[in-house]
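When you get a sec, could you build the whole thing from the sequences and use the hints?
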Amino acid sequence: MKVIFVPLTTAVLSTTCLISPSFSASVENISESDANFEEVIVTANRREQPLSEIGTSVSVITDLDIERKQYSYVLDALADIPGVSISQNGSFGGTASVSIRGSSSNNTVILIDGVQLNDPSSPGNGYNFAGLDPYNIERIEVLRGPQSVLYGSDAIGGVINVITKSGTEGFGGNIFGEYGSFNTIRGGASLFGGTPKIGYNFAVSGTNTDGISSADENDGNTEKDGYKAFTLSGKITLQPTDTLRGEIITRYSDNRSEFDSFGPVDGDKVSYFDEFLIVGRVNLDLLDDRFHNIISVEYSTIDRLNESNGIESFTATGTRFNLDYLGVYTPVNDWTITAGAQHEETKAETIDPNNFVINSLLGEVAYTGLKGLTLTGGLRFDDHETFGSEVTTRFTGHYTWEETGTRFIASWAEGFKAPSVFQLTYICGFCGLTEPSSDLNPEKAEAFEFGVEQSFLDQRLTLGATFFHQNAENEIIFTFTGGYQNLGRSQSKGLEITMNAEISENITIESNYTLTDAIDRDTGDTRIRQPKHEFYGAVTWAVENGFLASLSTTYNGKELDRGNQEIDGWVRVDLRLSYDISDSIQIYGRMDNIFNKEYQHITGYGTADRSVYAGLRVNF
1 MKVIFVPLTT AVLSTTCLIS PSFSASVENI SESDANFEEV IVTANRREQP
51 LSEIGTSVSV ITDLDIERKQ YSYVLDALAD IPGVSISQNG SFGGTASVSI
101 RGSSSNNTVI LIDGVQLNDP SSPGNGYNFA GLDPYNIERI EVLRGPQSVL
151 YGSDAIGGVI NVITKSGTEG FGGNIFGEYG SFNTIRGGAS LFGGTPKIGY
201 NFAVSGTNTD GISSADENDG NTEKDGYKAF TLSGKITLQP TDTLRGEIIT
251 RYSDNRSEFD SFGPVDGDKV SYFDEFLIVG RVNLDLLDDR FHNIISVEYS
301 TIDRLNESNG IESFTATGTR FNLDYLGVYT PVNDWTITAG AQHEETKAET
351 IDPNNFVINS LLGEVAYTGL KGLTLTGGLR FDDHETFGSE VTTRFTGHYT
401 WEETGTRFIA SWAEGFKAPS VFQLTYICGF CGLTEPSSDL NPEKAEAFEF
451 GVEQSFLDQR LTLGATFFHQ NAENEIIFTF TGGYQNLGRS QSKGLEITMN
501 AEISENITIE SNYTLTDAID RDTGDTRIRQ PKHEFYGAVT WAVENGFLAS
551 LSTTYNGKEL DRGNQEIDGW VRVDLRLSYD ISDSIQIYGR MDNIFNKEYQ
601 HITGYGTADR SVYAGLRVNF
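Under our numbering, the final residue of the sequence shown carries the number 620; numbering is consecutive throughout.
There may be inaccurate statements among the hints.
As the list claims (entries may be wrong) - DSBU-like, lysine-lysine: derived pairs with alpha carbons at most 35 Å apart: (1) Lys597 <-> Lys269; (2) Lys493 <-> Lys444; (3) Lys269 <-> Lys197; (4) Lys597 <-> Lys69; (5) Lys224 <-> Lys269; (6) Lys224 <-> Lys69; (7) Lys69 <-> Lys371; (8) Lys371 <-> Lys493; (9) Lys597 <-> Lys224; (10) Lys371 <-> Lys228; (11) Lys371 <-> Lys269; (12) Lys228 <-> Lys269; (13) Lys228 <-> Lys69; (14) Lys371 <-> Lys224; (15) Lys444 <-> Lys347; (16) Lys228 <-> Lys597; (17) Lys224 <-> Lys532; (18) Lys69 <-> Lys532; (19) Lys493 <-> Lys69; (20) Lys269 <-> Lys558; (21) Lys597 <-> Lys444; (22) Lys371 <-> Lys347; (23) Lys69 <-> Lys558; (24) Lys228 <-> Lys444; (25) Lys532 <-> Lys444; (26) Lys224 <-> Lys197; (27) Lys532 <-> Lys597.
Unchecked claim - Cβ pair distances, simulated, as ranges: (28) Lys532 <-> Cys431: 28 to 36 Å; (29) Leu287 <-> Trp541: 46 to 54 Å; (30) Tyr367 <-> Gly563: 47 to 55 Å; (31) Asn333 <-> Ile581: 48 to 56 Å.
These are calculated hints, taken from the structure and not from any lab test. Where is the CB? At the ideal position from N, CA and C, for every residue including glycine.
Written as structure tokens, this is what we have:
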């Protein structure tokens, strides 16, 4: 995983990914990949920019990282990123959320190929990360801090964009299968190919496991809670001319997880969770490639259903429709102007269907006229049909001191979060309310960050540090006397430190540490499920005969849960092994939680003991 100051790549301008039929486990390929990654042009501020012009910090997880670290779920990959905290109700399909820099998990925007998947039917517009499969993913980019200028409502904490693989000329494919503890089976297959005018990539993957008890086994819970899931995805890219490109992307996932809640924890409770998205995009380049135009039509839906002892106990459907235009114009070499418009409709169906509309305009200007310096300023206007309008701004700066290669970044940004469909329509009968809250306003936040990155020893050692500070107000909280109200105020500040080192031709080290102080500004209390200290470190040994071994350590400091219950800190050590039998066949294995550490993310919910898995990958 690369933790560098880079932009969030959105799918609207992503280029075709070249998929190699060979594995990348050797140290030669790893070093070459890292070197090329530093040189690649990626999308910044929803437009292409070189890395030397980016004024904010982002963590990038590549397909090489996913392969080497054998991530079973996207959630596992996100847990290794600085500034990111995860919480999950147990393991294997338990409801999972992601928090960035001490902000609420409902303030994280999740995109798949640029399509937002936050669930409009959930109380806070959050997203359940439990079933997000990393197979056939090209890269994951995590942008930290308020990003409402570019991504609108919900982007107070940050943005996570999952970008799937595209096709390439010719024909190829890959399959994998693995088996391990808890009778867990995973597998997947993909086919990809194309011509200079058309490309395609289709994939299927799935998981089936007996699982563990969702409620902690140490509390006397014995029933295993199983989990089943499969994902289908497809991407077709078209390029009839040098200036006209198009793509159609679709993805469907089906998840079934057994779970424990209040009442008899060994009861028969099942949750069904389905996702579907489809997007069509057209890219048109004009004025000698100085004016890029992107039009997107996006639709996504999430269906949830819970059963208790075979009887339906809850059902909800959330849908989201977006019509989006983005234009990027470069009138002269040193100036770039970005402008966009968006029409968004969100709908939630729980007891009664309800929907709301937001229309938005955005603009950003970037200047690169001084050597080593890039400045950007952006503005967004959102008009919500219920509470009215909201304006947000963002400013970023990047400077590279060429004599030493030192890189500096700084940004100041505002964020906002519109009340969810659920919050605007919820009637709290036991609170004595007969009508929904009519005076809810958007949550608001402002934040700044400052970071520095320096390489030493001919680029063999890189150190980085970023300080962040964020204040939020008008946070929507639930009370038993008044339902949903704008009563919350919070503050989060902290420090992210990263280190990457090449000890020798065969050994590399990566690590990151995050200090987060997240509090309620009215009471001074620490915010729940926000550990103050987090650390991740990994040592990787790769040799030219195709063997790779990686040992990683994760530390999660103590944190508070609901009811002021304290969750103990914990340390987990994991091992990864792989060997390339040939250019197209690889065997691999891993041991999670080597020292059998017992720990919890959420009070009362258990996590897996020591577990072992082995698998086979074949590329053709």
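Check: Among all the numbered hints in the text so far, which are the ones the structure does not match?
Finding: Violated: hints 3, 7, 10, 11, 14, 21, 22, 24, 26.
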